[in-house]
Structure formats: C-alpha cells, structure tokens
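Protein chains: 2
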Amino acid sequence: MFFEGSEKKFEVIFSGVDLRSLGLDFYRNLVSKSGAEILSQVSNEECDAFLLSESSLFVWKDRLLMITCGKTTLIHSLSFLIERVGIEKLESLIFQRKNEYYSHLQETRFVDDLKILKETIDGTYLLFGNEHEHHNCLFHYNKPYKPIEDDKTFELLMYDISETSSDFLIREGHSPEEIRSFFDFERILPGFEINDHVFEPYGYSMNAINGDRYCTMHVTPQKHCSYVSFETNIAIEGNFMADILKILVPESFDIMAFDQDIKNVIPVGYSDRMKFSEKLDCGYHVEFGHYFQRNNSAKRPRKI
Amino acid sequence: MFFEGSEKKFEVIFSGVDLRSLGLDFYRNLVSKSGAEILSQVSNEECDAFLLSESSLFVWKDRLLMITCGKTTLIHSLSFLIERVGIEKLESLIFQRKNEYYSHLQETRFVDDLKILKETIDGTYLLFGNEHEHHNCLFHYNKPYKPIEDDKTFELLMYDISETSSDFLIREGHSPEEIRSFFDFERILPGFEINDHVFEPYGYSMNAINGDRYCTMHVTPQKHCSYVSFETNIAIEGNFMADILKILVPESFDIMAFDQDIKNVIPVGYSDRMKFSEKLDCGYHVEFGHYFQRNNSAKRPRKI
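Here the protein sequences come in this chain order: Y and F. Sequential numbering of the first sequence, starting at 78, is according to the numbering used here. Sequential numbering of the second sequence, starting at 78, is according to the numbering used here.
There's no promise every hint is true.
Any copy, or any two copies together, can satisfy a pair, since identical chains are not distinguished.
[Said to hold, decoys possible] Here are the simulated lysine-lysine pairs, DSBU-like style, with alpha carbons at most 35 Å apart:
1) K340 to K300
2) K376 to K340
3) K300 to K223
4) K229 to K166
5) K380 to K229
6) K376 to K195
7) K352 to K376
8) K380 to K192
9) K380 to K356
10) K376 to K229
11) K380 to K223
12) K380 to K138
13) K148 to K229
14) K376 to K220
15) K300 to K220
16) K148 to K110
17) K323 to K352
18) K192 to K376
19) K220 to K138
20) K376 to K223
21) K340 to K323
Since the hints were derived computationally from the structure, they do not count as laboratory data.
Please put together the full structure from these sequences, using the hints given.
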C-alpha cells in the first residue's frame with residue numbers, strides 16, 4: 078500500500094494581525110482548501126498546534142506553519158490565507174515542496190503551484206538538489222526580512238527505515254503510548270506537550286509544543302517506500318537528530334536547515350551524496366543535503 | 078527546454094523466424110505503435126540498425142532490440158511484435174524502463190505496461206535500485222533460456238554532463254561529423270559503421286554496427302537536465318566506458334550490465350551510491366549501480 082509521505086510546506090510571517098484570534102472555523106476552512114481536515118488540537122500560551130488528516134498546522138500570533146502530504150493541494154490553503162489576512166500584512170513567505178515518489182499521482186506540480194503564487198506574489202524559485210534525484214523546491218517572497226534570533230528550522234526526511242523499525246511500525250493496533258515509547262519522546266523531547274494520532278491500518282503523526290518551540294513527526298512505515306519526516310525549531314545542538322537516526326536507521330535522509338549549522342551533525346556511517354547552501358535574499362541561510370549509509374555489498378532487486 | 082531522455086527498452090529473442098525478412102513496412106508499422114518513426118537505416122550482413130525519431134531499433138535474424146525515449150509508448154510496439162511473430166516462437170524477453178525525470182508527463186507507467194504484458198506473458202518483475210532514487214524496472218519472460226556466450230549488454234546512463242561538454246552539445250547547427258569528432262568515435266569504435274542524426278535545435282542520436290556488434294548513443298544535452306545514454310554489446314574490457322566518461326564528465330551515472338563484470342570499470346573519482354545484483358531465472362546475470370563524483374563543497378541552488 079503506497080502513501081505519498083513527501084510533504085509540501087509553507088511558513089508565513091505577518092505583521093499587524095493576531096493569527097490565533099482567527100478562530101477554529103477559519104482554520105477548519107483553511108485546512109479544507111488542501112483537501113485535509115483537523116483531527117485534534119493542543120494549545121499553550123504561544124501556539125496552537127493542529128494535527129491534520131495529512132500532517133500538521135501550527136499557529137503563533139504572527140506566524141503560521143502548515144505541512145501536508147498525500148495528494149493534498151497545499152497551495153490552495155496558502156492562497157486562501159494570504160487573501161483573507163491581506164498581502165499588505167505579509168512580511169515573509171517560504172513555500173517548499175519535496176520531490177514526490179510518484180509525481181503523476183499529484184493534482185499539481187510545483188510549477189503549477191508557482192503559477193498561482195506568482196499571480197499575487199513577487200518571489201524567487203530555487204531548486205536545492207538535482208532534478209533527477211532528491212530535491213527540494215523553495216519559493217520565497219522577495220521582501221527583505223530579518224529573521225529573529227531563534228527562528229531556526231530543521232527538517233530531517235528519512236527514507237527506507239530499518240526492517241526492525243518498519244516491522245514494529247506497520248504492526249496494526251498500536252496505541253499512541255506504544256509508539257511514543259518506541260521513539261522515547263519523553264527523553265528526546267523533555268518538557269514538550271505531545272499530541273499524536275495512530276492511523277489505520279498504520280501510520281503515525283505527532284505534534285509537540287513547549288512555549289514557542291515545536292516538533293512534528295510523520296511516519297509512513299510501509300516496506301519498500303517507508304518515509305519518516307521530523308521537523309522542529311529546536312536548536313540542533315540538542316542532538317535529537319542522532320537519537321532519531323539511531324532508532325529508525327534510515328538507509329538515507331535529507332536535511333533542510335534554516336539558520337542552523339549542520340556541519341557536525343551527520344552521524345558516523347553516513348556519507349553525503351550532495352550538499353547545497355544558499356543565503357536567501359529574504360534573510361535566511363538554507364542548507365540542503367542528502368546522506369546515505371555506505372554499504373559495499375550489492376543488494377538484490379525487489380521482486381514485485 | 079525539457080526532453081525526457083530516460084529510455085524504455087526491450088530485447089526479444091525468437092526461434093523459427095527470420096526477423097530481418099519482415100521488411101521495412103513492418104518495422105515502420107512497429108515503430109509507429111510507440112508514436113515514433115524511422116529516420117534512417119544502415120545494414121550489414123548480420124544486422125539492420127534503424128535510427129528513430131526517439132532512439133533506436135536493431136534487428137538481427139533471431140533477435141530484436143528496441144529503445145525509445147520521450148513520451149513514447151514502447152509497450153505497444155512490443156505487444157504488436159509478439160502478436161505478429163507469435164508467442165510460441167518467443168524464447169526470451171526482457172523489457173526495461175528507467176525511472177523518468179517527470180513521470181507525470183508519461184502516457185503510461187511501468188505498472189500500466191506490466192498489466193498489458195501480463196495478459197499474454199508469464200513473467201517476473203524486478204526493481205533494481207531504490208523506488209525514491211534512480212532505479213530500473215525489469216520484466217522478463219519466465220522461460221528458461223541459455224544466453225549464447227557473447228550475448229553481453231552494457232548500458233551507461235549519464236546525468237549532468239560537464240559544462241564544457243554541454244556548452245558544446247547545445248550549440249546549434251552542428252554537423253554530424255563535428256559531433257562524431259567530439260566523441261572521437263573513430264578511435265573509440267574502430268571498424269564500426271556509424272549512422273547518426275543531429276536534432277533541431279540540438280540533441281544527437283547515433284547507431285553503430287560492426288558484424289553482430291552494436292553501439293547506440295543518445296544525447297539530451299540541455300543544461301540542468303542533461304542526459305546521455307550509451308548502450309552496446311561490445312565486451313566492456315575494451316575500456317570505451319572510460320573514454321566516454323572522460324569526454325562527458327557526468328556528475329553521476331547508472332550502469333546496467335547483463336553478463337558483464339563491472340567490478341573494475343568504475344573510474345577513479347566516482348563513488349557508488351548503490352549496487353544491485355541478480356541472476357535472473359531466464360539466464361542472465363544483471364548488475365545495476367549508481368555512481369557519483371565525490372565533491373566536498375556545497376553547491377548553490379539553481380534559480381529558476
């Protein structure tokens with residue numbers, strides 16, 4: 078059973094509006110534009126975190142992060158949001174799309190999304206990675222912006238997790254607690270409030286918040302096309318990345334980092350296939366890399 | 078300007094029929110089933126080699142190799158051929174399809190092709206490579222077959238050729254002789270009769286035959302999605318591969334080899350990203366690998 082785990086994502090920053098005051102109905106509507114729905118919510122003083130049928134939505138007073146996977150059309154949620162809040166209040170926009178496993182199953186391609194964006198927004202399109210391999214398409218608003226000091230984003234996108242972890246995660250009927258304990262979230266994410274969902278027959282999504290910090294993880298454990306994404310604004314020095322890689326042992330992974338230094342975070346045993354780096358005109362410094370486990374022996378092809 | 082260089086390919090072996098006697102009209106018809114056409118032909122005592130609007134067709138007395146690229150539907154040519162010659166005469170069939178850059182632009186996917194094949198042919202489907210990266214799908218007929226001794230195939234699929242070679246190859250108005258001389262075919266392929274075609278505004282296809290030996294090369298030189306394929310049944314010890322890699326200096330390449338030992342052919346400077354190996358039930362030993370230039374410095378993303 079194939080599920081397209083590869084995500085689309087946008088993060089916007091507005092001025093002169095309190096995004097949290099827009100209310101649950103507004104956000105239900107926003108999410109529905111992508112073809113997804115809100116499953117549950119946790120909130121603290123800084124942030125509302127929504128778990129979606131396909132990934133996650135985080136809302137702070139001045140910023141909003143939305144991530145969707147599957148066959149969703151995130152671009153429509155973004156257009157809706159900007160139209161409703163007003164483009165004159167937009168300070169920063171970054172819209173990203175990871176290359177999909179099966180692009181022919183998607184309703185739109187990144188170039189289609191761009192056409193819609195460019196009708197209202199003056200922006201720049203950058204391709205991190207190689208067109209014929211793993212890559213991440215990024216569009217940003219061409220408005221000078223100075224990120225605040227702790228505005229750091231780190232994405233870890235993992236492919237082909239170990240047989241042990243896949244075997245565990247595709248077992249049906251897990252409780253959320255069993256999966257939390259498998260990932261040892263209590264130790265890795267101390268102080269975070271966790272909200273999660275186990276999908277049928279398998280698959281797992283998790284949002285976690287602590288003040289204005291967030292983490293989100295989405296697990297597509299199917300054999301032969303397993304994919305797990307982890308994203309956070311925690312500083313990477315915390316070493317949660319090594320912990321997660323130790324548990325899932327992916328055959329390969331991408332990193333996409335905004336204003337984070339990734340030089341010393343690649344664990345022993347992984348080599349880089351490619352690295353891309355750019356200081357965006359809109360203020361952020363972005364690093365993209367693909368890493369893989371060196372393995373000198375040949376594998377056998379998969380019989381289908 | 079994007080062109081899908083990634084190829085589909087089949088090689089069939091029949092008994093009790095002289096394929097060369099089927100005539101030009103038959104082959105025009107066969108090729109048209111894929112949505113392609115015959116541009117020109119060279120022949121010798123062993124083989125007819127047709128250059129197509131999208132790749133190549135080689136016909137020997139008992140075997141036939143057809144390769145097409147772009148948006149062609151090679152599966153329909155294969156179905157037509159088997160129906161006309163008769164499945165009872167089929168001794169061996171290998172149908173391959175390289176993952177495409179843009180699968181959403183293709184009329185069919187490999188799984189669609191398989192459905193058609195499986196209606197008439199009992200076969201096995203193998204996936205060489207990772208689903209989310211470079212891979213080569215292979216279907217073979219489940220009939221025991223013993224390849225003759227010099228039935229060796231070697232495919233070299235090159236990505237992101239050097240700027241120098243791309244600059245030269247996208248220059249418009251080249252004569253075939255200029256491109257032959259760029260590749261130094263006279264030295265690399267001594268004794269071969271060459272038939273080639275320069276496309277508008279650029280792009281190049283070449284067939285070469287010498288007795289029952291063939292080579293074929295197809296060049297999609299566009300920047301940012303350049304792709305060059307070279308395929309032959311010459312034994313790899315000839316070292317033509319090192320010569321071609323020296324000229325094109327691709328950032329990465331795949332090898333797909335049938336009954337050829339590829340252990341010692343990877344030039345210094347390239348590392349393996351993955352290797353797959355399998356002895357097929359139908360007799361051939363297949364090796365697949367993806368190799369890339371190690372480069373420790375980060376690149377800049379491409380602005381589009």
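Exercise for the section: At 35 Å max between alpha carbons, let me know whether K376 reaches K229 within a copy, between copies, both or neither. Expected result: For K376 and K229, only the inter-copy Cα distance (21 Å) is at most 35 Å; the intra-copy one is 38 Å.
Problem - Same-copy or cross-copy closeness of K376 to K195 [CA-CA at most 35 Å] - result: between (45 Å within a copy, 26 Å between copies)
Handout entry: Status of K229 relative to K380 across identical chains (alpha carbons, at most 35 Å)
Key = This pair counts as between: shortest inter-copy Cα distance 23 Å, intra-copy 42 Å.
Exercise for the section: Can you give me the call for K352 and K376, within, between, both or neither, at a CA distance of at most 35 Å? Expected result: both (26 Å within a copy, 6 Å between copies)
Problem - Up to 35 Å CA-CA - K166 versus K229, copy category - result: within (22 Å within a copy, 65 Å between copies)
Problem - Within, between, both or neither, where K380 and K356 count as close if Cα-Cα is 35 Å or less - result: Result: close only across copies, 12 Å inter versus 44 Å intra.
Practice task
Please work out whether the CA atoms of K380 and K223 approach to 35 Å or closer within one copy, between two copies, in both situations, or in neither?
Solution key: between (52 Å within a copy, 21 Å between copies)
Practice task
Can you give me the call for K148 and K110, within, between, both or neither, at a CA distance of at most 35 Å?
Solution key: both (12 Å within a copy, 33 Å between copies)
Exercise for the section: Check K376 against K223 for me: Cα-Cα at most 35 Å, and say if that holds within a copy, between copies, both or neither. Expected result: Answer is between; shortest inter-copy Cα gap is 24 Å, intra-copy 48 Å.
Exercise for the section: Please work out whether the CA atoms of K300 and K223 approach to 35 Å or closer within one copy, between two copies, in both situations, or in neither? Expected result: Answer is between: at 34 Å across copies they meet the 35 Å cutoff, but 42 Å inside does not.
Handout entry: K380 and K138: within-copy, between-copy, both or neither at 35 Å Cα
Key = between (51 Å within a copy, 32 Å between copies)
Practice task
With 35 Å as the alpha-carbon cut-off, assign the pair K192 and K376 to within, between, both or neither.
Solution key: between (42 Å within a copy, 27 Å between copies)
Consistency note: the structure conflicts with none of the earlier hints.
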